[in-house]
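Peer 1: Here is how the chains run, residue by residue.
Number of protein chains: 2
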Amino acid sequence: MEPEILELESFLPYRLYRLADAVSREFSRVYKDRHGLTRPEWRTLAGLGQHGTMTATELGEQSAMHKTKVSRAVAELERRRWLSRTPDEKDRRVERLALTKAGVAAYREMVPLAKAFERELLAKLSAGERAAITNGLAAIETSLVSSKD
Amino acid sequence: MEPEILELESFLPYRLYRLADAVSREFSRVYKDRHGLTRPEWRTLAGLGQHGTMTATELGEQSAMHKTKVSRAVAELERRRWLSRTPDEKDRRVERLALTKAGVAAYREMVPLAKAFERELLAKLSAGERAAITNGLAAIETSLVSSKD
DNA sequence: TTTCAATGGTTACAAATGAAACCAATCTGG
DNA sequence: CCAGATTGGTTTCATTTGTAACCATTGAAA
Numbered sequence: 133m134e135p136e137i138l139e140l141e142s143f144l145p146y147r148l149y150r151l152a153d154a155v156s157r158e159f160s161r162v163y164k165d166r167h168g169l170t171r172p173e174w175r176t177l178a179g180l181g182q183h184g185t186m187t188a189t190e191l192g193e194q195s196a197m198h199k200t201k202v203s204r205a206v207a208e209l210e211r212r213r214w215l216s217r218t219p220d221e222k223d224r225r226v227e228r229l230a231l232t233k234a235g236v237a238a239y240r241e242m243v244p245l246a247k248a249f250e251r252e253l254l255a256k257l258s259a260g261e262r263a264a265i266t267n268g269l270a271a272i273e274t275s276l277v278s279s280k281d
Numbered sequence: 133m134e135p136e137i138l139e140l141e142s143f144l145p146y147r148l149y150r151l152a153d154a155v156s157r158e159f160s161r162v163y164k165d166r167h168g169l170t171r172p173e174w175r176t177l178a179g180l181g182q183h184g185t186m187t188a189t190e191l192g193e194q195s196a197m198h199k200t201k202v203s204r205a206v207a208e209l210e211r212r213r214w215l216s217r218t219p220d221e222k223d224r225r226v227e228r229l230a231l232t233k234a235g236v237a238a239y240r241e242m243v244p245l246a247k248a249f250e251r252e253l254l255a256k257l258s259a260g261e262r263a264a265i266t267n268g269l270a271a272i273e274t275s276l277v278s279s280k281d
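Protein chains in written order, with this note's numbering: chain L, 133 to 281; chain C, 133 to 281.
It is worth saying that the hints were derived from the structure and are not from the lab. Just so you know, even glycine gets a beta-carbon here, dropped at the ideal spot from N, CA and C. Any given hint might turn out to be false.
Said to hold, decoys possible - Computed spacing ranges between beta-carbons, pair by pair:
hint : chain 1 : residue 1 : chain 2 : residue 2 : range
1    : L       : Pro219    : C       : Gly260    : 42 to 52 Å
2    : C       : His167    : L       : Glu221    : 44 to 54 Å
3    : L       : Pro219    : C       : His198    : 40 to 50 Å
4    : C       : Lys256    : L       : Arg157    : 26 to 36 Å
5    : C       : Ser156    : L       : Glu136    : 18 to 28 Å
6    : L       : Arg217    : C       : Asp223    : 57 to 67 Å
7    : L       : Glu227    : C       : Ser156    : 23 to 33 Å
8    : C       : Glu221    : L       : Ala270    : 49 to 59 Å
Claimed, not checked - Only pairs whose alpha carbons sit at most 27 Å apart, straight line, appear in this in silico BS3-like list of lysine-lysine:
hint : chain 1 : residue 1 : chain 2 : residue 2
9    : L       : Lys201    : L       : Lys233
10   : L       : Lys164    : C       : Lys199
11   : L       : Lys164    : C       : Lys201
To be verified - Partial pick of chain L residues on the chain C-facing surface, computed with a CB cut under 7 Å:
hint : residue
12   : Leu148
13   : Arg150
14   : Gln182
All chains, full assembly: derive it from the sequences and hints.
Peer 2: Laid out in C-alpha cells, this is it:
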C-alpha cells in the first residue's frame, strides 16, 4: 500500500489560512499605514461605526475577537479619544461604548478605502467566481456553525 | 448623502479571516492535542513528509512561513528527534532537512487525521458548493499573485 | 437575606510572532 | 585576488496574543 501523502498546497485549512493571511495583511495597510491601528482596533472601530453603540461583549461577538483583544483595543481607542464609555444605568458591570466625533470621522474616512479595497480584489474575478466565493464561504460558515453542537 | 457604512459581516477580508481562523483553530486540535505541536511545527512536518528533503528556505516558501518561524519550528522538531539536519556539500550555508523515522511515523499518523478532517468539513457541502470553494479560492489566489508586481 | 454561581470586563504572566540586526558563506565585479 | 553585495539561517528585542486568575456586580436558590 502506498504511503499516504498530504498535499499541503491543496489542503483546505491551509489554503484558507494562507489566503486570509495574505488578504488581511494587504488590507491592514489601509488602517495600519494611515493611523497605526492594529486589527483589533480596526475591528472595534468598524463595529462601533456600523452599530453606533455596543458593549464590549457584543463587540467581541460581532467581530469574532477574544475579550482581551476587545478590552485592549477599546482602551487604546479611548486613549486616542476616538471612543467613549458610558456606564450602563441598569447594570453597572456593563459599559456602553460609542465613537466620539473624532472616531466617527476616522471611520468615515476609512470606509470608502475598505470598500475600494474589496472592490479591487473582486474586480479581478469573473461574476461566476465572485458568486463562487460568496456561496462557498457561506457554505463552510454554516457548516461550521451547525457542527458546534 | 447617506453616511457610508461598512457591513463587517459581509466584508470579504473579514469573512475570509474569520473563517480561516475558525477552521484552523478547529484543525489545530489534530496536531496540538495529540502531540503538542504548534502550527509552524505542523507545517514543517507536513512539508518534509510531503517532499522528503528540503532546505529551510524552501520550507518557508512552500508553507508560507516567515523564516524565523521556520527556524524555530525546525529547532523544536530537531529537539524532539523528529528531524535531522545534514550540511549541504556544495553550499555550507545550507542545511538539508529531513524527517527521522520517528518524524515519519508521526507524519504517517497525522495524515489520515488531516484528510478525515477535510473530508468531514467538505462532506456538509453539496458538490456545487465544494467546486465553488475550490474555484473561488483559486481565483483570489491567482488574482493576488498577479497583482504582486 | 445570605450564599453561591454566572457575567462583564481587566490584568498578569507566559508563549508566539515579526522586524531588524546579526553571522557565516558564497557570489560578483573590478 | 579582494571588497562589497547577497543569501541561508539564527538570535535579540519589542509587540501581540491567549490562558488563567482576578475584581466587581448581578442573578438564582435556599
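Peer 1: Taking each numbered hint in turn, which are not upheld by the structure, reported in ascending numerical order?
Peer 2: Result: no hint breaks.
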